[in-house]
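Asker: Single-letter residue listing:
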Amino acid sequence: MAEASIRVSDLAAAHGLRDEDLLRMYRLVALARAIDERMWVLNRAGKAAFVISGQGHEGAQVGIVSSLRPGRDWLVPYYRSIAGVLTFGMTPRDILMAQFARAADPSSGGRQMPGHYGSAEHNILTTSSPVATQLLHAVGIALAAKTLGRDQVALTELGEGSSNQGDFHEGLNFAGVHRLPVVFVVENNGYAISVPMSLQSPIPDLADRAAAYGFPGVVVDGSDVLACYRAGREALERARRGEGPTLIEAKVTRLTAHSSDDQQTKYRSAEELQAERERDPLPRFRRQLRDAGVLDEPREAEIAADVKAAVDDATDWAESQPEPDPATAYRHVFAEPDPAIGPEAAGGAGVRAATPAEGV
Amino acid sequence: MAEASIRVSDLAAAHGLRDEDLLRMYRLVALARAIDERMWVLNRAGKAAFVISGQGHEGAQVGIVSSLRPGRDWLVPYYRSIAGVLTFGMTPRDILMAQFARAADPSSGGRQMPGHYGSAEHNILTTSSPVATQLLHAVGIALAAKTLGRDQVALTELGEGSSNQGDFHEGLNFAGVHRLPVVFVVENNGYAISVPMSLQSPIPDLADRAAAYGFPGVVVDGSDVLACYRAGREALERARRGEGPTLIEAKVTRLTAHSSDDQQTKYRSAEELQAERERDPLPRFRRQLRDAGVLDEPREAEIAADVKAAVDDATDWAESQPEPDPATAYRHVFAEPDPAIGPEAAGGAGVRAATPAEGV
Amino acid sequence: MAVRTFLEAIRGALASEMRLDQCMVVLGEDVGVKGGVFLVTDGLFAEFGPERVIDTPLTESMIVGASIGAAVNGLHPVPEIQFADFIMPAFNQIVSEAARIRYRSNGTFGCQITIRAPYGGGVHGALYHSQSIEAFFTHVPGLKVVVPSTPYDAAGLLRSAIRDPDPVLFLEHKKLYRSVRGEVPAGDYTVPLGQAQVTRSGTQITVIAYGLMAHHALEAAEAVAADGISVEVIDLRTLRPLDLDTVLSSVRRTGKCVVVYEDNKFGGYGAELSASISEQAFDFLDGPILRVAGPDVPAVPYAHVLEDWFMVDPGAIAAAIRRLAAY
Amino acid sequence: MAVRTFLEAIRGALASEMRLDQCMVVLGEDVGVKGGVFLVTDGLFAEFGPERVIDTPLTESMIVGASIGAAVNGLHPVPEIQFADFIMPAFNQIVSEAARIRYRSNGTFGCQITIRAPYGGGVHGALYHSQSIEAFFTHVPGLKVVVPSTPYDAAGLLRSAIRDPDPVLFLEHKKLYRSVRGEVPAGDYTVPLGQAQVTRSGTQITVIAYGLMAHHALEAAEAVAADGISVEVIDLRTLRPLDLDTVLSSVRRTGKCVVVYEDNKFGGYGAELSASISEQAFDFLDGPILRVAGPDVPAVPYAHVLEDWFMVDPGAIAAAIRRLAAY
Ligand SMILES: Cc1ncc(C[n+]2csc(CCOP(=O)(O)OP(=O)(O)O)c2C)c(N)n1
Ligand SMILES: Cc1ncc(C[n+]2csc(CCOP(=O)(O)OP(=O)(O)O)c2C)c(N)n1
Ligand SMILES: [Mg+2]
Ligand SMILES: [Mg+2]
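Which chain is which? The protein sequence lines are A, L, F and B, in order.
Just so you know, the numbering used here puts the end of the first sequence at 360, numbered straight through with nothing missing.
Just so you know, the numbering used here puts the end of the second sequence at 1360, numbered straight through with nothing missing.
Just so you know, the numbering used here puts the end of the third sequence at 2327, numbered straight through with nothing missing.
Just so you know, the numbering used here puts the end of the fourth sequence at 3327, numbered straight through with nothing missing.
Calculated directly from the structure, the hints in this document are not laboratory data.
Be careful, since some hints might not be right.
Derived list of chain B stretches under chain F, where covered just means 3 residues or more per stretch with a C-beta under 8 Å from a C-beta of chain F [stated by the list, open to error]:
| no. | stretch |
| --- | --- |
| 1 | 3100 to 3108 |
| 2 | 3134 to 3144 |
| 3 | 3190 to 3197 |
| 4 | 3288 to 3298 |
Restricting the straight-line Cα-Cα distance to at most 20 Å, the calculated cross-link-like pairs of lysine to any residue (SDA-like) are [stated by the list, open to error]:
| no. | chain 1 | residue 1 | chain 2 | residue 2 |
| --- | --- | --- | --- | --- |
| 5 | L | K1266 | B | P3050 |
| 6 | A | K266 | F | H2304 |
| 7 | L | K1047 | B | G3122 |
| 8 | A | K146 | B | D3308 |
| 9 | L | K1308 | L | R1286 |
| 10 | L | K1047 | B | V3305 |
| 11 | A | K47 | F | V2033 |
| 12 | A | K146 | B | F3038 |
| 13 | L | K1266 | B | D3021 |
| 14 | L | K1146 | F | D2021 |
| 15 | A | K47 | F | H2304 |
| 16 | A | K47 | A | A305 |
| 17 | A | K146 | B | P3050 |
| 18 | A | K146 | L | K1146 |
| 19 | L | K1266 | B | F3038 |
| 20 | A | K146 | B | H3124 |
| 21 | A | K146 | B | F3045 |
| 22 | A | K266 | F | D2042 |
| 23 | L | K1146 | F | Q2022 |
| 24 | L | K1047 | L | R1286 |
| 25 | A | K266 | F | Q2022 |
| 26 | A | K266 | F | E2047 |
| 27 | L | K1146 | A | S198 |
| 28 | A | K47 | A | D261 |
| 29 | A | K266 | F | F2038 |
| 30 | L | K1047 | B | R3052 |
| 31 | A | K266 | F | L2039 |
| 32 | L | K1047 | B | D3308 |
| 33 | L | K1047 | L | P1322 |
| 34 | L | K1146 | F | F2045 |
| 35 | L | K1266 | B | G3122 |
| 36 | L | K1266 | B | V3033 |
| 37 | A | K146 | B | R3052 |
| 38 | A | K266 | F | V2033 |
Think of the CB as a built atom: it goes at the ideal place given N, C-alpha and C, for glycine as much as any other residue.
Next comes chain A alone, as it looks inside the complex (with noise of 0.2 Å):
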């Protein structure tokens, strides 16, 4: 794709960006997809006991999070950050070796469920499956980057359901009162599990919950990848500025049920199912790209091909990789003596954490 480096259409344009840019973020578009529905494959040829979709968010988390700085910022996921983490560095295999729980799975050897992102690697936090919790923990990183003056942003996502919980309040406050550079990327699918919104919350818009604590909050149309572009690149920029955090709702659709182990048409209509596929940012953003002259038929065609590789690849690769070996399961409940410093390591006098941001 090199001769598209140099193209720049209108839409690209308007974006401050290149038509390469918006070829890259309709990849990761399709490339999570195509992951996702292959995950779901594995699941029912009873190779994945338990899958956990992206499918419907990827819009809004490769929108938003292309703006975020490989290798300076950081990202705190969730368990649906499928296309976040993508973007911001994992690999197909990455997230594959996790759906088979792999020994080298980067997230966490095998010893998570799937869809427990992390990579020390890519200042991606490791996830954890009490929701909300990891709010907090953007919103720490955010303060040390403050405290220890480093130009990094901490950007966090949670689904619309898990901002009921108290950390969110708590989180938020700390941050308005500190104007620390978190952003705060809230995925409204409109269920948590099979509650809708209606008895989750009394109003429409969780975005407006951010003047409570003093800064922007806004509604972003989470299948509209450029808009989510528009509004993750805005707030970013805010928090490299000094300014605070901000908000971001994106409304999504949960394409899936919520998990493998969920039906969820036992709570959702097939008129609203269907309903929501309108609502798909895939197919969505290939016509806005088709439109601008930024996406042709072999091009397209081109990059389903090396989708379809990259999925292939990762699955085969994954499948054959070996599983984590038991005798490795008492490993890691405390840091291990690093043999350069001595066995004293463990034993806490004078060691300093080697933490995965230490060179920024």
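Using the hints, position chains L, F and B with the ligands against chain A.
Answerer: Using the frame of chain A, we list chains L, F and B with the ligands on its own:
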């Protein structure tokens, strides 16, 4: 004061009250203040190990709680709620018994620190120390009222610092979703112990946070008893009409140190403390009632004497009461068998817990 | 008597209790239309409606905190915590509030709530969908903690818990939900809280367990019976209040004891059992009180091989029994 | 060497560590201008300013959660929980997050934070300002739990805790703050985590304790010495990782053991001690392992007479020693 019952000054009329009501409110503010001052005297005399005060908060509490219906509604207080619990039926003796930690202390039988009021008899929920937890109890009380079709409102009080706890967010959200009959009163005295509002919240008016939960938030001057009365009455009527919760933020002043363990001069300047004296609700209310012709010098002296007598009586009486018997310290970890039902009660089968409001 | 799964027994008891007790409500995440992520509350919403079967926002502290208040004002709430692992945000409300309302008010207030929570591993749930949490709560005066292992007990104990005037934590092992069946009477029977059950008589070694481990203990006892080792198995059923009488009278007879729990070993519930027994039956002991428990790593890892490594199985229990028998 | 109170030793170690380590920050409620409600952090704000000594909002979950994130991004946060009783809202962040970040990330992330919390009774603090909370946290793999009893150990252990790459819960008994004095070197010494100390040698009975109880145990040992009972006292200092070697080697010599803790007895930390000892030193035991611990009611009541009733005192320990000696 029997003759006062027929008098209706302009001020009283403007509030739909009789002069006698205003005088009762005045007496409650004065009484709460006098009890509070007595507790500090006892503290300095070495007779009360710990004092936590409501000085400066009395006007807001008396004003707001006056519209709560004894024997029907619920008050869910916090440690500064002396005036509130007095307004809702507890007596000076009850307060002093808690201060002296006597066996007959209705709040806790001397088990809790002073300031942790509660009275099953008066629908005043037992207070604990971890802040903001009680807010959820008020929400639950309101939920029960709604579910059981009872005409009841729950009113809870907490400090502005405490309102930053996660429980605040979770509670207001749920109350908003179900439009529960509950009133949240944040008594904002500008400090959480030593931490000033500027470090506690990025926005000046916490009442604005109600918008995040789809119901009204009201700021009221806590040194203006009748403004508080109006705000409280309106919120309670709203709740009774089935229109849901209200958040009232009463801007009050903390006239004392946080508690007898605190030295507030370390973090508040002499000028600030001097200025705060101007916001004392007691002299302001006195002036207002005098100006309105509700209070004259003889009446004021009469009330002062009456209050002093009540405080003296409560002090002497409480001090003379027996201490708890250590032999009882094992009791009430669990419900005790009701002799009317028989010993199986403790085992749990077939027993229904008697709840204080069961008759409502 | 009908044969029911563990899950059906619980569901049935919830439904029958709601029919009896107009003040009982069920609340939690997805308990309504969906019927709970394990379908334990399936059908309740249809029968009792949204006022008594409440789909709450995703907020555990609120679920418990509001239940406390609701109980004070006359409801009998039965909140569900979707997975026991997610009870931690409600820790303050349970430990500081529910457990203490009675004591701190000198007996003038009470809090009749039963918190249901599916717990336990072996279901491929990994670190945050597998935990045993009983040790955190059995340490707390003012709470009762119940862990049934059979359909019969589950229904009978759940009724007692819901009717109990104090807060009860009712732990349901996820692996038992569909794998265990048993006879369950149709009527309104109860099993009293605080009574352990000798589920197998024996003379040489007492094995004490609960939940999934109560089944593993029986299996292990059968396995070693072939070697001529006679094992008595006690299913505690209620962890607090602990039925120490039943435990002690068995251990005083057998003289040897294995305590089994699925949770991390260090500081787990079995530590208290062991300590209590050695305090009160020392003279009767012919060998150390052994504990068979989970390894001291943070909960169950996901990969099958790691999960198997973590979980206590009948083989591990049998091995401990054999070791102790040879002592 | 200067003589310092327990509190001064901690304050001194915080200050010296902040001077050495530019990445260390202190945060919590009232830790700044006021210097903490016990004045432990007094002076730090003046010396290090508001960026490194942060007066936070009243939100414990945030205090710990933000500390975790800050640690991941290079700070070494030392959050203070104003009273240990108020750590419960942060339970989820400590147990589900801080303790597991390393394990769940397969060792690729760590969390270097030291959570300080004043705990303990006998200070007229009643139900919610007196609690012992160690049992909740010593059960959690991935956490270290430290409870010093002397000024020397407090400063030395605190330095080790702050430098430790993993999360440490550092519990300071409130009653020791001003009542205990001892020599504290001026230099940058440390006391390693995970090492118990024999604070009194003896031959007949081992008494194991920590925190305030380590002092009471010594007092009790002195008291019974008059009766010719020779008591060895072990101050654990670190509860997790537990220095079981020191414990076992003592108990194997004395053959008798009393475990002392201030917390509620049932399921308390001493249960694990007792269980571990009986598992690994059974053959050496000449009597039951006794526990002297708080009664099983929800924490310490306020009224003086009730508080005295609750608290374990040297007399109660001496009585247990005498009982065991006569065994
Ligand atoms: C504290 C906690 N409680 C419950 C759960 C179980 N759970 C996992 S996802 C989920 C729903 C989340 O909804 P939302 O935040 O809207 O995110 P979505 O899944 O819709 O993207 C629930 C209840 C959990 N993971 N953590
Ligand atoms: C969960 C919890 N953390 C800390 C404390 C200690 N504490 C008691 S009162 C208080 C300050 C409360 O401030 P605010 O809510 O503004 O109420 P005020 O005292 O000013 O009326 C603190 C930190 C507590 N009681 N509970
Ligand atoms: Mg959602
Ligand atoms: Mg305040």
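Asker: Now look at each hint and say whether the structure bears it out.
Answerer: Each hint tested on the structure:
no. : hint                : result
1   : 3100 to 3108        : holds (count 3)
2   : 3134 to 3144        : holds (count 7)
3   : 3190 to 3197        : violated (count 0)
4   : 3288 to 3298        : holds (count 7)
5   : K1266(L) / P3050(B) : holds (16 Å)
6   : K266(A) / H2304(F)  : violated (30 Å)
7   : K1047(L) / G3122(B) : holds (18 Å)
8   : K146(A) / D3308(B)  : violated (48 Å)
9   : K1308(L) / R1286(L) : holds (17 Å)
10  : K1047(L) / V3305(B) : holds (15 Å)
11  : K47(A) / V2033(F)   : violated (30 Å)
12  : K146(A) / F3038(B)  : violated (29 Å)
13  : K1266(L) / D3021(B) : violated (28 Å)
14  : K1146(L) / D2021(F) : holds (17 Å)
15  : K47(A) / H2304(F)   : holds (12 Å)
16  : K47(A) / A305(A)    : violated (24 Å)
17  : K146(A) / P3050(B)  : holds (12 Å)
18  : K146(A) / K1146(L)  : violated (47 Å)
19  : K1266(L) / F3038(B) : holds (13 Å)
20  : K146(A) / H3124(B)  : violated (41 Å)
21  : K146(A) / F3045(B)  : holds (18 Å)
22  : K266(A) / D2042(F)  : holds (11 Å)
23  : K1146(L) / Q2022(F) : holds (14 Å)
24  : K1047(L) / R1286(L) : violated (31 Å)
25  : K266(A) / Q2022(F)  : violated (27 Å)
26  : K266(A) / E2047(F)  : holds (16 Å)
27  : K1146(L) / S198(A)  : holds (18 Å)
28  : K47(A) / D261(A)    : holds (15 Å)
29  : K266(A) / F2038(F)  : holds (13 Å)
30  : K1047(L) / R3052(B) : violated (40 Å)
31  : K266(A) / L2039(F)  : holds (12 Å)
32  : K1047(L) / D3308(B) : holds (18 Å)
33  : K1047(L) / P1322(L) : holds (15 Å)
34  : K1146(L) / F2045(F) : holds (18 Å)
35  : K1266(L) / G3122(B) : violated (27 Å)
36  : K1266(L) / V3033(B) : holds (8 Å)
37  : K146(A) / R3052(B)  : holds (11 Å)
38  : K266(A) / V2033(F)  : holds (8 Å)
Checked against the numbered hints given earlier, the structure breaks hints 3, 6, 8, 11, 12, 13, 16, 18, 20, 24, 25, 30 and 35 and satisfies all the rest.
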